[in-house]
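Listed here are the chains, written in short residue letters.
Protein chains: 2
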Amino acid sequence: MAKINQNYSKLPKTYLFSEIAKRSKAFADKNPGVELLKLGIGNTTLPLTATAIEGLSRGVQKLADVKTYSGYGDEQGSTSLRETIVGWYENQGIEFDASEIFISDGAKSDSANITSIFSDDCVVAITDPVYPVYHDSNILAGRKFVLMDCLEENGFIPKVPEGKVDVIFLCSPNNPTGAVATKAQLKEFVDYALVNKAVIIFDGAYSEYISDSELPKSIYEIPDAKACAIEIQSLSKMAGFTGVRLGWTVVPKDLVAEGTENGDVNGLWNRRQTTMFNGASNIVQEGGIAVLSEQGQKEAAELIAYYMENARTIKKAVSDLGLTVFGGDNAPYIWVKCPGSLTSWEFFDKLLEDCHVISTPGSGFGSKGEGYVRLSAFGQKENIEKAVKSIKNHLKI
Amino acid sequence: MAKINQNYSKLPKTYLFSEIAKRSKAFADKNPGVELLKLGIGNTTLPLTATAIEGLSRGVQKLADVKTYSGYGDEQGSTSLRETIVGWYENQGIEFDASEIFISDGAKSDSANITSIFSDDCVVAITDPVYPVYHDSNILAGRKFVLMDCLEENGFIPKVPEGKVDVIFLCSPNNPTGAVATKAQLKEFVDYALVNKAVIIFDGAYSEYISDSELPKSIYEIPDAKACAIEIQSLSKMAGFTGVRLGWTVVPKDLVAEGTENGDVNGLWNRRQTTMFNGASNIVQEGGIAVLSEQGQKEAAELIAYYMENARTIKKAVSDLGLTVFGGDNAPYIWVKCPGSLTSWEFFDKLLEDCHVISTPGSGFGSKGEGYVRLSAFGQKENIEKAVKSIKNHLKI
Chain A
2 MAKINQNYSK LPKTYLFSEI AKRSKAFADK NPGVELLKLG IGNTTLPLTA TAIEGLSRGV
62 QKLADVKTYS GYGDEQGSTS LRETIVGWYE NQGIEFDASE IFISDGAKSD SANITSIFSD
122 DCVVAITDPV YPVYHDSNIL AGRKFVLMDC LEENGFIPKV PEGKVDVIFL CSPNNPTGAV
182 ATKAQLKEFV DYALVNKAVI IFDGAYSEYI SDSELPKSIY EIPDAKACAI EIQSLSKMAG
242 FTGVRLGWTV VPKDLVAEGT ENGDVNGLWN RRQTTMFNGA SNIVQEGGIA VLSEQGQKEA
302 AELIAYYMEN ARTIKKAVSD LGLTVFGGDN APYIWVKCPG SLTSWEFFDK LLEDCHVIST
362 PGSGFGSKGE GYVRLSAFGQ KENIEKAVKS IKNHLKI
Chain B
2 MAKINQNYSK LPKTYLFSEI AKRSKAFADK NPGVELLKLG IGNTTLPLTA TAIEGLSRGV
62 QKLADVKTYS GYGDEQGSTS LRETIVGWYE NQGIEFDASE IFISDGAKSD SANITSIFSD
122 DCVVAITDPV YPVYHDSNIL AGRKFVLMDC LEENGFIPKV PEGKVDVIFL CSPNNPTGAV
182 ATKAQLKEFV DYALVNKAVI IFDGAYSEYI SDSELPKSIY EIPDAKACAI EIQSLSKMAG
242 FTGVRLGWTV VPKDLVAEGT ENGDVNGLWN RRQTTMFNGA SNIVQEGGIA VLSEQGQKEA
302 AELIAYYMEN ARTIKKAVSD LGLTVFGGDN APYIWVKCPG SLTSWEFFDK LLEDCHVIST
362 PGSGFGSKGE GYVRLSAFGQ KENIEKAVKS IKNHLKI
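Chains as they are written, first to last, in my numbering: chain A, 2 to 398; chain B, 2 to 398.
Just chain A, same shape as in the assembly:
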């Protein structure tokens, strides 16, 4: 008799975004004709750039001709895309071999699957608040957690864990707080990991939103990080590939875990992917090569500049109202402290009712997110301006 995985019952019962959708719908039903202004979900809205479209179209056209058609590719991704990514890191002064790069269908699957190469009794450190995937995927594996608090006092960048942990998830620029770790802060984590033989899973999905040249875009800017860190990257926010699905994971050959030698962890992830994954779409990989070309990156920077202009608009407007605001400088998320003693959901409701603006309650990302809401800079300029104007004119605080 097939029994189910009981760990599913340990997952949080309500889904943040479905609850948001539910409340938004209830409001819309009660107020027909009212336009809801979205600053909630972190989803891209700008069309792909010309170079990306060219690459994807080339990927499609190749499949129309027997001479260029390709079937199964390598599970690890095409050699040309892996080498393109090696070049992308080279431009940042970081050296890898293509065998250390694994192409994925995006950061979400890999950040959920990566810990499967480690023992189920590993203790995992995650931040609070946190991107829910790190939490939920490890709950399903039955792992124990240590929470690293992200608070106003520490600028939302946590201290290293006090006790020993085995795996540490970091996301910088951070979703949801918009905080970015400095090199010194990341160095503390690398030092901790090296001493404790812990492995850092570094999610750099928002790295291209960093404009301050002093801030690290990759964990590998920290010396010796190759011996303790896996980096997950994505073209979702870099190039609008949220629906197209492409990313990569770096597992350096130098990375070691307990009882392993150089190359072993890389080999484990290789085995995991060859066993349980069949590679990202060949069409999409062609698009990825295009996006990571010089011209593709130039165009991607324009998309990012557009969203960051939105971020500035939102941050300024909310600050001008006297609210305490974080993030939004090197990240597309603005982390707003709720006015008075409002909870996240109370402020969510207020923004919805007073201003018709949809936000994301910080408490949905963890208990230390309580008392904040996240505003997202992803959206069309005119809609962002409309939302901001509505907040300015109608928020009653």
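Since the hints were derived computationally from the structure, they do not count as laboratory data.
Careful, some of the hints might be misleading.
Remember, identical chains collapse to one label, so a pair may be satisfied in a single copy or spanning two.
Claimed, not checked - Derived pair list, reagent style BS3-like, types lysine-lysine, alpha-carbon separation capped at 27 Å:
#1 K382 with K218
#2 K63 with K299
#3 K4 with K317
#4 K11 with K338
#5 K382 with K63
#6 K145 with K4
#7 K11 with K145
#8 K63 with K397
#9 K11 with K68
#10 K397 with K254
The hints should help you fit chain B onto chain A, whose structure is shown.
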């Protein structure tokens, strides 16, 4: 200190296809200028059809315009593709709701991930020989196995397990043997599963290669299968999407496991996918809608007819040599008994050395595959004919 998942050390050490590549390369290096003729890997070679290309191109072009651009889609897949698949089943007289269909990036990931919704102490029944993914993914979860022997005596369709098992993997038409289960044979499994509250994972990736109208293409042609079976499908072999990556998994609302009620297992897979997957590429899903249209299916049938003509060519030639041959009638694989007392690898070497033909040793799929090789009908007609001619002229048995 991060410990690794020790189950990785239980995986078979050698990889079938890398060993094949190694031996082929060694032969090629020793015999420069000799052309190797491939009947080994089951990989599509024909270009995509016009309708598929149109759909994929439409998917790309939508992303070029702000009015049609889409970011994150539903993890379960687009409603229109799910409804298209409901229609595809309807044409076979099988009814589903769209919420029972989950779009995937192909059969491999889903067949590897599906058992994660069941307890790790579930006992899994797999056939011997078997598609390695069912085996290896459950090894990584630490599960125990019962093997169901596929032998000449049972026409390579196994009997139901003697004892109680919890999860049963079936693949029909079968990879690697090319055998197809009859309705009566599948009914035995459904009856067994209903009595034992076991869950059948039915991999129908080759269903469209069935031309005999008496043979079931879907497990759901068997009454009450919805209460005990999950079906995994793929566009890889149906439409040449091996590199494009698209498939689906049906988890009926009626399906129950121990202690669950109607809808619970469907809900578990929904939760697994929303937690750990971010949906198949929106471009690829547009291609899928096109492939599953009436015109798309007509064209797909032509691709399949082409490969099945190859299968007939191979089967006839090998039979004419006096070898004992199975499969190849309603499946793109031909299962050849090794002549004399040759092992799979000995016959592989012989085909390579005598005929320059690359096959796949049956022993690579399990111990009961020993004494067989698999020949694949995927390839260009002229290459298949060249390989067949070489076997006819040069095989010394």
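Results of checking the hints against the structure:
1. K382 with K218: Within. Shortest intra-copy distance 26 Å satisfies the 27 Å Cα cut-off; inter-copy 51 Å does not.
2. K63 with K299: Both, since 25 Å and 22 Å are each at most 27 Å.
3. K4 with K317: Neither: 53 Å inside a copy, 47 Å across copies.
4. K11 with K338: Answer is neither; intra-copy 29 Å and inter-copy 51 Å both fail.
5. K382 with K63: Between copies, since 20 Å is at most 27 Å while 36 Å is not.
6. K145 with K4: both (22 Å within a copy, 14 Å between copies)
7. K11 with K145: both (12 Å within a copy, 25 Å between copies)
8. K63 with K397: This pair counts as neither: shortest intra-copy Cα distance 57 Å, inter-copy 40 Å.
9. K11 with K68: neither (51 Å within a copy, 40 Å between copies)
10. K397 with K254: neither (56 Å within a copy, 46 Å between copies)
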